[in-house]
Amino acid sequence: MLKLHNLKMRYPNGDGLDGVNLEVRNGEFVYLVGPTGAGKTSVLKLIYMEEFPDEGYVLVDEYSSQDIRDKEIPYLRRKLGIIFQDFKLLEDRDVFENVAFVLRVTGARSRDIKKKTLRALGEVGLSHKSRKMPEELSGGEQQRVAIARAIVNEPFILLADEPTGNLDPKTAVEILSLLDKLNARGTAVLMATHNYELVNNTSKRIVSIKNGRTLN
Amino acid sequence: MSLFFVLREGFGGLRHSRFSGFVATATVAISLILIGIFLIITVNLGKFVQFLRSRVELEVFLDDSFDEIKIQDLTDEIKRMEGVANLTFISKEMAIREFQNLFKDKQEDYFETLGYNPLPASFRVKLQDNYRTASGAEVVFKSLSSLEDIREEDIVYTREYLVILEKYIKFAIAIDFIVGIIVCLSALLLVSNNIRLIILSKNKIIETMKLVGATNFFIRTPLFIQGIVQGFLGGIISALFLYTLLKLAAIEIPGFISVDWRIYLLLANLGILLGFAGSFAAVRRYL
Ligand SMILES: Nc1ncnc2c1ncn2[C@@H]1O[C@H](COP(=O)(O)OP(=O)(O)OP(=O)(O)O)[C@@H](O)[C@H]1O
Ligand SMILES: [Mg+2]
Chain A
223 MLKLHNLKMR YPNGDGLDGV NLEVRNGEFV YLVGPTGAGK TSVLKLIYME EFPDEGYVLV
283 DEYSSQDIRD KEIPYLRRKL GIIFQDFKLL EDRDVFENVA FVLRVTGARS RDIKKKTLRA
343 LGEVGLSHKS RKMPEELSGG EQQRVAIARA IVNEPFILLA DEPTGNLDPK TAVEILSLLD
403 KLNARGTAVL MATHNYELVN NTSKRIVSIK NGRTLN
Chain B
464 MSLFFVLREG FGGLRHSRFS GFVATATVAI SLILIGIFLI ITVNLGKFVQ FLRSRVELEV
524 FLDDSFDEIK IQDLTDEIKR MEGVANLTFI SKEMAIREFQ NLFKDKQEDY FETLGYNPLP
584 ASFRVKLQDN YRTASGAEVV FKSLSSLEDI REEDIVYTRE YLVILEKYIK FAIAIDFIVG
644 IIVCLSALLL VSNNIRLIIL SKNKIIETMK LVGATNFFIR TPLFIQGIVQ GFLGGIISAL
704 FLYTLLKLAA IEIPGFISVD WRIYLLLANL GILLGFAGSF AAVRRYL
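Protein chains in written order, with this note's numbering: chain A, 223 to 438; chain B, 464 to 750.
Isolated chain A (complex conformation) (with noise of 0.2 Å):
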C-alpha cells in the first residue's frame, strides 16, 4: 500500500510540491500525468525517500516518512522496482548481471540469483540477450531490462517515470503492454508521465498534476 497525504515540499530555489495527496492499492494501476516542472519526479523522489516533505507524509507499507531511519531505506526500496527515462542501466556489465545486480547486493543467496534473474528476464522477453551488454541493445530491450531488473526482487509496486520518454511511440506501446502484464500478475504500478495522448484513451485511473498539486 501506497499513501502520499498532504504533500508539501520546497527546494532550495522555491520550487516543489505544494499539496500532493495520492493512494495507490495493491495491485493497482495509476497514471500521474502533468506537464514538464508538474512536481512528477519529485513525488516519485518522496516515494523511494530521496527526498523527505515538509509538511505530510508518505506512507509505503510499514515505513512512513515521517520516522523511517537512515538505516532502513535501502530495505524500503527493496518494496519498490524503479523504472526511469534513462534506464540507468550500470554499462560495464551484461544483461544478465545488470539484473543479478540487485539481488547480489541485496545479498540473496547465489543459488536463487541464478533462478530469480532467469525468471525475470523471461518476464521481459529477453532471456536470449541475457549476455549482451547494454550497449549492444536497443531503446525499448534497454528499458526492458531496467524493468526485469525492477521486477527480480519482487517488489509490490513499480515506480516508473517518464519510461517511454527516449522511445519511438511503437516500442513506447510494447513497453506500456509490459507494464500492464505485470500488473494483471499482481504488481501495482505508478506511471509518471506529460504524454497526455499516452493516456488518452486507457481505462487505468488517471491522477493530474500541475504546479505541484495533484487535482482530484
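Everything labelled a hint here was simulated from the structure, so no lab data went into it.
Don't take each hint at face value.
As the list claims (entries may be wrong) - With a Cα cut of at most 27 Å, we get these calculated BS3-like pairs of lysine-lysine:
{"no.": "1", "chain 1": "A", "residue 1": "336", "chain 2": "B", "residue 2": "673"}
{"no.": "2", "chain 1": "A", "residue 1": "310", "chain 2": "B", "residue 2": "567"}
{"no.": "3", "chain 1": "B", "residue 1": "633", "chain 2": "A", "residue 2": "267"}
{"no.": "4", "chain 1": "A", "residue 1": "301", "chain 2": "B", "residue 2": "673"}
{"no.": "5", "chain 1": "B", "residue 1": "510", "chain 2": "B", "residue 2": "555"}
{"no.": "6", "chain 1": "B", "residue 1": "589", "chain 2": "A", "residue 2": "310"}
{"no.": "7", "chain 1": "A", "residue 1": "403", "chain 2": "A", "residue 2": "426"}
{"no.": "8", "chain 1": "B", "residue 1": "667", "chain 2": "A", "residue 2": "267"}
{"no.": "9", "chain 1": "A", "residue 1": "336", "chain 2": "A", "residue 2": "351"}
Use these hints to put chain B with the ligands onto chain A, whose structure you have.
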C-alpha cells in the same frame, strides 16, 4: 550478506572500470614517485651534510718541550671541554709517517737529508655533532686557546671552509624545503584530481546501488577494496620505478646515492593510504 560478492565486486570493479582504474593507479604512482625522489634527495642531502661536518676538526700543535705528564694533563683537560667529542694524539713520529704516506710518490726522503724531525706533535680534536658548525668550532677554539701554554696560532682549523659550508648547507636546505613544498602540493593536486575522477566514475554505480536497496556496507566495501588495491598497485609501481632509476643512477655515480629499502615499504603504504582516501572521499560524496 555475501562477503564473496563484496570481494568480487571490489576486484571486479578493477576489471570493469579499467580506464579510470588505470588513471587512478597512475596518479598514485606519479605522486609517489615525486615524493619518493624528494625523500631520497633529502635523506642523501642530510647524509652528505653530516659527512662534510664530520670532517670538521681542530688541530692543536704542541711545543717540542712538552713532556709526557704535560701532554696527559692537556689531554684530560681538552676531553672535558664543552663541545669536544674526542681527541687523538699525533706524536712527532706519527706526523712524519703521515707526511711520508702523503708524499710517498716522491723518491727523496727530505727528513733523511734534514737530519732531524721538524714536525710538531699535535692533538686532533673532533667535535660533538651540534658543535660541528662555524660558531660551535669557534667556541671550542676559544676554550683551547685559553689553555695554559697554548697560543692561538698553534690552533689550526678550516674556519673559512666552515663558513662557506654553512652557507651552502643553508642554501641547500632552503632549496630542498621549497622543492618539498612544490612536490607535496603537486602530489596533493594530482590526488585530489584523482579523487574527483573516482567520484565521477563511481557516481552511476553508487546511485544504482542505492536505488535498488543496497545497504551502505555493500556500497562502500567494494569501493574501498578497489581503492586500496589501486593505491597499492600505484605504490608498487612507484617503488619499482624508483628502484630501477636508482640502479641506473648508481652506474653513473657509484656510491653517491644510498637508499634505505624501507622507503619502498613506505611508498607502498602511502599508496594504500592514498587509494583508500580516494575511495573514502568518493563514498562520502554519495552516501
Ligand atoms: N533537485 C532540485 N533542486 C531544485 N529544484 C528542483 C529539483 N528537482 C526539481 N526541481 C524543480 O521542481 C519542480 C518540479 O520538478 P520535477 O522534476 O518534479 O518535475 P516533473 O514533473 O518531473 O517534470 P518533467 O516532466 O520535466 O520531468 C520544477 O520546477 C523543477 O525545476
Ligand atoms: Mg520528471
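Against the structure, the hints come out as follows:
A distance of roughly 22 Å separates the Cα atoms of residue 336 (chain A) and residue 673 (chain B); the hinted pair therefore holds under the 27 Å criterion. Between residue 310 (chain A) and residue 567 (chain B), the direct Cα distance comes to roughly 86 Å. Violation of the 27 Å bound is thereby established for this hinted pair. Pair hint residue 633 (chain B) plus residue 267 (chain A) does not hold up; C-alpha atoms about 63 Å apart against a cutoff of 27 Å. Note on residue 301 (chain A) and residue 673 (chain B): the hinted pairing holds, with a Cα-Cα distance of about 13 Å set against a maximum of 27 Å.
A threshold of 27 Å between alpha carbons decides the hint, and for residue 510 (chain B) with residue 555 (chain B) the separation of about 34 Å lies outside it, so the pair is violated. For the given pair, residue 589 (chain B) sits about 75 Å from residue 310 (chain A) by alpha-carbon distance, which is inconsistent with the 27 Å threshold. Distance check on the hinted pair: residue 403 (chain A) and residue 426 (chain A) sit about 13 Å apart at the alpha-carbon level, within 27 Å; holds. At roughly 17 Å between alpha-carbon atoms, residue 667 (chain B) and residue 267 (chain A) fall within 27 Å of each other, so this suggested pair holds.
Among the hinted pairs, residue 336 (chain A) with residue 351 (chain A) is consistent with the structure: their alpha-carbon atoms are about 15 Å apart, no more than 27 Å.
Against the hints set out earlier in the document, violations occur for numbers 2, 3, 5 and 6.
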